[in-house]
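One letter stands for each residue in the lines below.
There are 4 protein chains.
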Amino acid sequence: MLIVMRKTADSGDIERVIEVIRRLGYQARPIPGLDRTAIGIVGNDHAIDPSPFLSLPGVKEAIPVTKPYKLVSKEFHPLPTIVNITSCGRTIGIGNGSGLVVIGGPCAVESEGQLLETAHAVKEAGGHILRGGAYKPRTSPYSFQGLGEKGLKILARAREDTGLAIVSEALDHVVYDLVEEYCDIVQIGARNMQNFSLLRRAGRSDKPVLLKRGMSATVEEWLMAAEYIVSEGNPRVILCERGIRTFCKHSRNTLDLSAVLFLLKETHLPVIVDPSHACGVRDQVIPLSKAACVIGAHGIMVEVHPEPEKALSDGPQSLNLQEFALLMKELEKVQALCGDESSVPRIGICAGSV
Amino acid sequence: MLIVMRKTADSGDIERVIEVIRRLGYQARPIPGLDRTAIGIVGNDHAIDPSPFLSLPGVKEAIPVTKPYKLVSKEFHPLPTIVNITSCGRTIGIGNGSGLVVIGGPCAVESEGQLLETAHAVKEAGGHILRGGAYKPRTSPYSFQGLGEKGLKILARAREDTGLAIVSEALDHVVYDLVEEYCDIVQIGARNMQNFSLLRRAGRSDKPVLLKRGMSATVEEWLMAAEYIVSEGNPRVILCERGIRTFCKHSRNTLDLSAVLFLLKETHLPVIVDPSHACGVRDQVIPLSKAACVIGAHGIMVEVHPEPEKALSDGPQSLNLQEFALLMKELEKVQALCGDESSVPRIGICAGSV
Amino acid sequence: MLIVMRKTADSGDIERVIEVIRRLGYQARPIPGLDRTAIGIVGNDHAIDPSPFLSLPGVKEAIPVTKPYKLVSKEFHPLPTIVNITSCGRTIGIGNGSGLVVIGGPCAVESEGQLLETAHAVKEAGGHILRGGAYKPRTSPYSFQGLGEKGLKILARAREDTGLAIVSEALDHVVYDLVEEYCDIVQIGARNMQNFSLLRRAGRSDKPVLLKRGMSATVEEWLMAAEYIVSEGNPRVILCERGIRTFCKHSRNTLDLSAVLFLLKETHLPVIVDPSHACGVRDQVIPLSKAACVIGAHGIMVEVHPEPEKALSDGPQSLNLQEFALLMKELEKVQALCGDESSVPRIGICAGSV
Amino acid sequence: MLIVMRKTADSGDIERVIEVIRRLGYQARPIPGLDRTAIGIVGNDHAIDPSPFLSLPGVKEAIPVTKPYKLVSKEFHPLPTIVNITSCGRTIGIGNGSGLVVIGGPCAVESEGQLLETAHAVKEAGGHILRGGAYKPRTSPYSFQGLGEKGLKILARAREDTGLAIVSEALDHVVYDLVEEYCDIVQIGARNMQNFSLLRRAGRSDKPVLLKRGMSATVEEWLMAAEYIVSEGNPRVILCERGIRTFCKHSRNTLDLSAVLFLLKETHLPVIVDPSHACGVRDQVIPLSKAACVIGAHGIMVEVHPEPEKALSDGPQSLNLQEFALLMKELEKVQALCGDESSVPRIGICAGSV
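Protein chains in written order, with UniProt numbering: chain A, 1 to 354; chain B, 1 to 354; chain C, 1 to 354; chain D, 1 to 354.
Here chain A stands alone, though its shape is the one from the complex:
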């Protein structure tokens, strides 16, 4: 942390800051400039709270230097985390050549027929994991809220039939227990990214967690949410970019591929992309998936429905089964471009779900 003093600060003000730094157990390094003095703080092993300084007389600003996250940081843990999804025999987090993982399925599980038809099509086209909401977070209390445990059972049935792994969203502690029981991966949705109670719960599980970015979360806040899970004991966190809220009206959200690139550099956790929620329109799902793949994302998650026009939610952004097959073919071509990377041997710090 760097404490910047006002031009008008006197030596008493500076002394007072130095004293507080010492009292907190750190060392102060004053840097007198022409106009003003700045004071560096060293000796801290994690991020320092600026509050005690900002309230002192003569202080203009406190500029953080150290990042607040640690366990999820590549600077501290350079080796990539590779999450094994044993039920489908895939790992998430290796280079995106042949390693790309594709998650497909409907927004919500609506019936056994709908889900099984989708599951078989996803499997056949080469997908790896089946998604499907059993408990849906809906903006309106009057919208379809999901089939609940019945939906989870249908998902489990689909896994049995197809060999796909399954992922579903947990909305609260009670649902977490159920999803953890039935599924291979538990999703924490964008609206719950800073539901710290739920994050702690996820940290006390050994099931992999798919953590979606909050609608207006900075990458730092997102990594801190992951830090909650990892610091509680579960290193199997998969980050999922799904678009951010901006002033734009032509798309549901704005897909932030720069965030993906930033994370691939900054964290050892796997990073996947959900283009369906990012754009909100079917036409854009295939091109944006290819874009995510070409920049090196570890996976793609898309919404697929046998009859999008009859879907109970997110129909306009769902691919139909033929479109999903087309997506897989397109992704295969794009992966061929990035092929070499996955051959590099890497050692994961994380054994994945047992």
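Each hint can be trusted.
To list a few chain A residues with every Cβ distance to chain D over 10 Å, as calculated:
hint: 1; residue: R22
hint: 2; residue: D35
hint: 3; residue: L56
hint: 4; residue: C88
hint: 5; residue: S111
hint: 6; residue: E112
hint: 7; residue: G126
hint: 8; residue: R159
hint: 9; residue: N320
Here are the simulated DMTMM-like cross-link-like pairs (lysine to aspartate or glutamate), alpha carbons at most 25 Å apart as the crow flies:
hint: 10; chain 1: A; residue 1: K7; chain 2: C; residue 2: E221
hint: 11; chain 1: A; residue 1: K7; chain 2: B; residue 2: E309
hint: 12; chain 1: A; residue 1: K123; chain 2: A; residue 2: D161
hint: 13; chain 1: B; residue 1: K249; chain 2: D; residue 2: D314
hint: 14; chain 1: D; residue 1: K67; chain 2: C; residue 2: D314
hint: 15; chain 1: D; residue 1: K74; chain 2: B; residue 2: D10
hint: 16; chain 1: A; residue 1: K329; chain 2: A; residue 2: E117
hint: 17; chain 1: B; residue 1: K249; chain 2: A; residue 2: E266
hint: 18; chain 1: C; residue 1: K67; chain 2: C; residue 2: E19
hint: 19; chain 1: A; residue 1: K150; chain 2: A; residue 2: E181
Just so you know, the hints here were simulated from the structure itself, not pulled from any lab data. For every residue, glycine included, the Cβ atom is placed at its ideal position computed from N, Cα and C.
Using the hints, position chains B, C and D against chain A.
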């Protein structure tokens, strides 16, 4: 809902849309234009989901006409909701002349000494409700997380000593039970505004709920969150604007007073303002409080701490005790301007907390 | 500037940074920490460009410490700039007690009848300056673009008749010459806030300039735009907050009162508020004007039209003549609250328009 | 346009709206619903201004149905615009297989040596057009502002030496004349996207115009800016996405690939992408370029500098010469994926620069 067809749509496309409208139980009203046809849907008594239409061939857009909220809408319930806070003898939701309610207190309950000192100062200066976090949602897992139930007990002690009502935040179902037991008002924070499971829990209580706006929530999403609570059976919802996330860096968030004015017109629920979180700097808290008061907000919630420079959280935006007293004097002057309004008799639909 | 090195940077990397600092004529102050080294730069008398450092090996970040603006900064020029508008005998920039300046008038000058009727009403109600666009920046090339010089002549006629000063917008150099000739204040609109060529032109004038904030300009960029004008020789700059673009749809823009408070502290230039463009709806104009006044803005600019429903532009956000009179009465009451401040003697650095 | 009435509107209110619709020369189509009436307007051949309706009693909302742009719309002109850049023998706007156009060069022309070295490297690596700012829009008046006409002469010399076409930015009318004289394409920068006076000037030229998206422009505003140019007589407009301003701090701006996909569908004008300004960091330029290519953008514009660490502006986001060569190789691979598309014969409506 208005379905806008593409210029290239043919009569078959139009027929198909009309058929779907009928199948859903509504009536279709085609409006042929020079370039294209639009089709109005009537006969619905709540908002229509656009999904089934957006997936049909020839459809360009589906434009919602009806608002999706109902129970919280002033069009449906013109009389204002007035929430009685019996323990302090105040009501929230009447005109902001003499009726303005002021909530003050520290970000977090840190110790009995700190809270009682604050409580007495808030009471003496003319405040009505004491705030204080016992369970804190912190971005970092390494930051102070609150005293837990001990904090709630200290709050209850402060109420006993001063006659102030008390409010504290609930982070999950378990905490909700505790906060509901100890406090007069339960707060649902910005990060949980779309934690639908928690909103339903709040709806099954008869304690008033202070629902903060999510960091990037539209007013419509916010009202839908309130609709969750009200539709579940609890009409005692107080909306609290606390700034939105924008590109700005000079303030923590951007206070959206237009949202307050919009809500005062659109909903019968009381609307209060939290300038502390909106701006994030002590200097701006008093002026923004006055601004909120002068436009007619029903209440103000500010952070107050006996020694902001020693606060464990939010010190830079906390008023000290003298500043809180100054705030109250300033607000009194501003209220004198708006005085007449509160004399208008209004009948509330809600009996408040028992 | 503080250069933060990566954890992996070696002593060669650090030496290289120090060398570049010296070559640029500054002094380096290394601050070795536990994990990494940071290097302070001192001896600069203006902001340092981070580019040369960010490209060096081992450099993680370059954190600016000094603000990039100077002539408009209160730290450098503590006395307030007070702009005299001689033709109406008012000054802009003194405390907002009795000193508040009110600018009213239509979005566009449409006809002599429309403007004179408005001007007389503005004068009678107690307004000081008449606004009216003669050259309009319209999103669509097919919308009404203004009466041009004829509009400026009508404005001049209105000044003659009423004694109000007049302000109008300049879109380019050619228009600047004309507006400068006819008007007391030249407005540079939000869309041209970073039209640096036009800013320089404004700097070579001695007419006061009303500089609106760009739609998504940070306060720093806005102050730098003012710095362009002042550094070119014209100190008579009036800053006008008019709302920023956010994700919100309930208002045209989001009024940023925190920016006003920030500027009142950070710059010696006067700061006024345009609530009409901020909210975009008539209902909110009076309350937001009161909010701007109560927090200490030096002036208010609102759109007024004799028949808003027939206005060629911005009708929905224009007050009619009765509403403008009501606004003035309301503002008078609010000013009474802030009255004492204006009695404090202040010495302006700027003689105003001659 | 659809006029939505309030629930409380009476038949007189409805009659009044219908009357205004008729007076404006359109036809009214009332749609009575259960709760309220909506009134469709038909018979208009361009977008209708909502103002006259929003001010009438009983009107709740006016919802636009027709898009406001026309000449740039694919619905009106389905054939793609293909811009010929004769001096380098390329066209912009055909399918992105072999047709991708790459523009490279420094942010600013700094010297003949710097530019010629860059030009030769761009040519050799397979680039088509050389960029270089001679007149720079800089946030600070104290930053390097460009070499002016001398810079344009250096660009022309580079074209002569290499056969690359050249593009440079025009800041105002005077500069426009010069850039038009020297260059093959004139750039209008993000800050001038709504400088309508400059747009009209561009419309009176027959040189192709590269129109960058404004920092917070909606796609509709951007298309309307293009409509200004086209409606004035110049159909050779190339749209350039360069990132939008959001709350994010990890990148300079947020690249909006959804906007590119939207435009490829909505307009017949060519659309290119500038990843350098979008992300602001060198590391991300190559991956984002590949992403833009894979989704079908017609071109890429990147910043290239022989010694980025010595660049007078935008060094951190500039590729060096080796990196540019790498980019070209990577883009070639990506283009191979999309190859077939460009073989489809298309007929452009625009003959390009003569």
